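Asker: One-letter residues, chain by chain:
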Amino acid sequence: MNRKNFLSSILTAGAVIPHLGASASNTPTRHTSTGSYPGHIDPAHPGHHDPALPSGQLPLLVPAYLRPGDTIGITCPAGFITSKEIKPSVELIESWGFKIKVGDTVDKKDFTFGGTDAERLADFQKMLDDPEVKAILCARGGYGAVHIVDRLDFSGLNQHPKWVIGFSDITVLLCHLHNNLNIASIHSKMCNSFPDDWTKAEPVQVECILSIRQALSGEKMQYNVPPHEKNRTGTAEGPLVGGNLKTIETLAGTHSDIDTTGKILFVEDTGEYLYSIDRMFWNLQRTGKLSGLHGLIIGGFKVKPDDPGDEYGRTLYDIVQERIKPYDYPVCFEFPVGHQKNNVALKYGIPHILTVQQAQVQLIEK
Amino acid sequence: MSTIPPYLHPGDTIGIVCPAGYMPREKAQTCIDTLQSWGYHVRTGPTLGSDSENYFSGTDDERLADLQQLLDDPSINAILCGRGGYGIGRIIDRIDFSMFKKAPKWIIGFSDITLLHTHVLTHYDIATLHAPMAGAFNDGGAATIYIQSLKTALTGTPAKYECAPHPFNRPGTATGALAGGNLSLLAHGVGTSSDLDTKGKILFMEDIGEYLYNIDRMLYQLRRSGKLDRLAGLVIGAFSDLKDTQRPFGASVEEIIREVIKEYDYPVCFHFPIGHDKENLALKTGVEHRLVVDAGQVRLEEC
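Heads up: the sequence lines are chains A and B, in that order.
Here the first sequence is numbered in my numbering, starting from 1 and rising by one per residue.
Here the second sequence is numbered in my numbering, starting from 1 and rising by one per residue.
To be clear, the hints were calculated from the coordinates, so they are not data collected in a lab.
Keep in mind that this is a model prediction, so the values were computed, not measured.
Ideal placement from N, C-alpha and C gives every residue a C-beta, glycine not left out.
Misleading hints may appear alongside valid ones.
To be verified - One side of the interface only, derived from the structure: several residues of chain A facing chain B at Cβ under 7 Å:
| # | residue |
| --- | --- |
| 1 | Thr112 |
| 2 | Thr116 |
| 3 | Thr199 |
| 4 | Lys200 |
| 5 | Pro203 |
| 6 | Gly253 |
| 7 | Thr254 |
| 8 | Gly271 |
| 9 | Tyr275 |
| 10 | Arg279 |
| 11 | Trp282 |
| 12 | Tyr312 |
| 13 | Thr315 |
| 14 | Tyr317 |
| 15 | Asp318 |
Unchecked claim - Calculated from the model, a selection of chain A residues having no Cβ within reach of chain B, i.e. all distances over 12 Å:
| # | residue |
| --- | --- |
| 16 | Ile100 |
| 17 | Ser193 |
| 18 | Tyr329 |
Claimed, not checked - Pair by pair, the computed Cβ-Cβ distance ranges are:
| # | chain 1 | residue 1 | chain 2 | residue 2 | range |
| --- | --- | --- | --- | --- | --- |
| 19 | B | Lys262 | A | Thr235 | 39 to 45 Å |
| 20 | A | Pro68 | B | Ser193 | 47 to 53 Å |
| 21 | B | Pro24 | A | Tyr317 | 27 to 33 Å |
| 22 | A | Asp307 | B | Gln246 | 19 to 25 Å |
| 23 | B | Glu255 | A | Asn26 | 44 to 50 Å |
| 24 | B | Arg25 | A | Glu322 | 24 to 30 Å |
| 25 | A | Gln358 | B | Lys278 | 44 to 50 Å |
| 26 | B | Leu242 | A | Tyr317 | 30 to 36 Å |
| 27 | B | Asp277 | A | Gln357 | 50 to 56 Å |
Work out the full structure: start from the sequences and follow the hints.
Answerer: The structure is reproduced here in structure tokens:
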């Protein structure tokens, strides 16, 4: 395939087509018929998971979708950001008809963090506990969510569920919420990725930002992605889980670790060496995350070039293909999710149907 | 109490294998000469100085076969890994340890080889040697106390190490089996069948070339997976060539570690001479040691 044409087709990949006939639910729902994918308490490693709370045994909790006038809270559980930097996102979200509550951690700075652990914890907790806040948008990733996740009290979400939105380091929270409460969340761009000037934004940026609004508003998500020659065809159905690959690896063995059995897993990463990516895919395999999958979505991987003399000799595609060889579920590459412009909003924990065909790839919210 | 493989005698044979990254044969020559000068025979497998043209010293099958052959061959008394790099994780689930279990022998190495140490300790409770590998013999390395510590470890002389105090050390005395290795590999092993049970053990760790935030993240993983709360003691080696993000992390590696373990009360020492620098003492994992940390000094010795 001509590489230039290929790239331009990727650029418009992931067009999000809202399902216009869908009825958005504006009340939270516990779905009781989510199937019986098993919990993931590994008898070989007792004590790592709270046996009282395996996600697989909890019905799926979908927070109420947002209506105009609802409030979205912005907070920094990881890296720091200034109010100036979040301004474009605040203005745009307000133009959609939502209200914004800016958390105390915006403009806070403790080296790389958006405030001290105590400050980030308090701000996120405040957002969780504030009945007015219907969705919590993490301002950016970076690093730091794992410092506070064990001290956050999520129990209020059972009565008053709300959306948590973010990706990259926020994978910690999305995985934790999925594993411990089986509550749906949104994996998407954050405040730091909103274009400074909406009128000059590239179409792909506009699409991705608007997909957050669509997801929050309860539109059924549908993504059409160009095919990739390395894809493995097939159809899969299951809850969508995943996130940043390195973050998923560093959650292994903890009670934020996800069970992927019967699910569609998506992964993305940035700035890693190929050998490290290989090691992480082996980690997925060796922690039992590849064998029971229904489908695998490979998002963007910004690979760090090999050091001279240490050429790895395998591409990302080789690495993935080696690991999925024993299984037969569908796999697609270059899905528009990751540390890149083309990073569409995905409803985490919600059942989807992945169809990988020669001619096209489609991911549809069930 | 772990099974301790037989110590070596003059005339015994050490096999050299490269189960991970590629190593040209000439880089192992000083090591081979030195081991011979210690009175051992040396046998090298096909993965040392192989014709591999990529990162690895051979295909997965070739590396597996070479290591397997040395594990199974009764005339091999110890296995020295030529170098680390990356690659043990790709073959570990296919290694057949049944002969090794019946006739244990010393497995020597560090860095990527950490996964082999933790796997062997967890599954077979057999002692291994976390120690310098072939490359460390070069450039005058063979004469250092670190390579000498490997020599004395192999002959069964109980280890008795001392190191300078560090202001962050936490005083106390601990007794327990040693376990540990490279932090990245310890974290990578969590949740897999090569995972380490650290309860009651003296855990040691070192790393190289990692971002400070990533060191922090890996330590959080160890803590959150229950690896740090029931230790007998903690030995922190070298964390060399660390990197920082453009926005500085704001804490040194010593401060990161001190913070992560602050709620526990076991003895801790910093800057113990193990790691990717020349200072890398041989440590017997699985073997009972006593760690004494006081204001004046640090001692780590076999019980």
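Asker: State for each hint whether it applies.
Answerer: Consistency of the hints with the structure:
Using the Cβ-Cβ criterion of 7 Å, the hint placing A:Thr112 at the interface with chain B is satisfied: the shortest such distance is roughly 4 Å. Checking A:Thr116 against chain B: minimum C-beta separation of about 10 Å lies over 7 Å; hint violated. Checking A:Thr199 against chain B by beta carbon gives a least distance of about 30 Å; that is not within 7 Å, so the hint is violated. Hint status for A:Lys200 relative to chain B: violated, with the closest Cβ pair at about 26 Å, above 7 Å.
Below 7 Å, beta-carbon pairs count as interface contacts, and A:Pro203 has none with chain B, the closest being about 30 Å; its hint is therefore violated. About 3 Å separates the beta-carbon of A:Gly253 from the nearest beta-carbon of chain B, less than 7 Å, and the hint is met. For A:Thr254, the interface hint holds, since its Cβ comes within 7 Å of a Cβ in chain B; the closest pair sits about 4 Å apart. Evaluation of the A:Gly271 hint against chain B yields a violated restraint, the C-beta minimum of about 9 Å exceeding 7 Å.
The restraint placing A:Tyr275 at the interface with chain B holds, with a minimum CB-CB distance near 5 Å, inside the 7 Å limit. Checking A:Arg279 against chain B by beta carbon gives a least distance of about 6 Å; that is within 7 Å, so the hint holds. Checking A:Trp282 against chain B by beta carbon gives a least distance of about 5 Å; that is within 7 Å, so the hint holds. With a cut of 7 Å, the hint placing A:Tyr312 at the interface with chain B holds, because the nearest CB-to-CB distance is about 5 Å.
Residue-level restraint check for A:Thr315 is violated (minimum Cβ-Cβ distance to chain B is 12 Å; threshold 7 Å). For the restraint placing A:Tyr317 at the interface with chain B, the shortest Cβ-Cβ distance is roughly 16 Å, beyond the 7 Å limit, so the hint is violated. About 11 Å separates the beta-carbon of A:Asp318 from the nearest beta-carbon of chain B, more than 7 Å, and the hint is not met. Even its closest Cβ contact with chain B, about 25 Å, leaves A:Ile100 beyond 12 Å, as expected for a residue assigned away from the interface.
Every CB of chain B lies more than 12 Å from the CB of A:Ser193, the least distance being 17 Å, so the non-interface label holds. No Cβ of chain B approaches the Cβ of A:Tyr329 within 12 Å, the least distance being about 21 Å, so the stated non-interface status holds. Distance hint check for B:Lys262 and A:Thr235: the Cβ-Cβ separation is about 51 Å, which falls outside the suggested range of 39 to 45 Å. Remark: the range hint 47 to 53 Å for A:Pro68 to B:Ser193 is upheld by a beta-carbon distance near 52 Å.
Taken as a hint, the range 27 to 33 Å holds for the pair B:Pro24 and A:Tyr317, whose Cβ atoms sit roughly 29 Å apart. Against the hinted window of 19 to 25 Å, the Cβ-Cβ separation of A:Asp307 and B:Gln246 comes to about 20 Å, which satisfies the hint. B:Glu255 and A:Asn26 have their C-beta atoms about 48 Å apart, which keeps the hinted 44 to 50 Å range intact. For B:Arg25 paired with A:Glu322, a C-beta distance near 28 Å keeps the hint of 24 to 30 Å intact.
A hinted range of 44 to 50 Å is violated for the C-beta pair A:Gln358 and B:Lys278, which are about 56 Å apart. In this structure the supplied range 30 to 36 Å holds for B:Leu242 paired with A:Tyr317, their Cβ-Cβ distance being about 32 Å. Range check, B:Asp277 to A:Gln357: Cβ separation about 54 Å, and the 50 to 56 Å hint holds.
Checked against the numbered hints above, the structure breaks hints 2, 3, 4, 5, 8, 13, 14, 15, 19, 25 and satisfies the rest.
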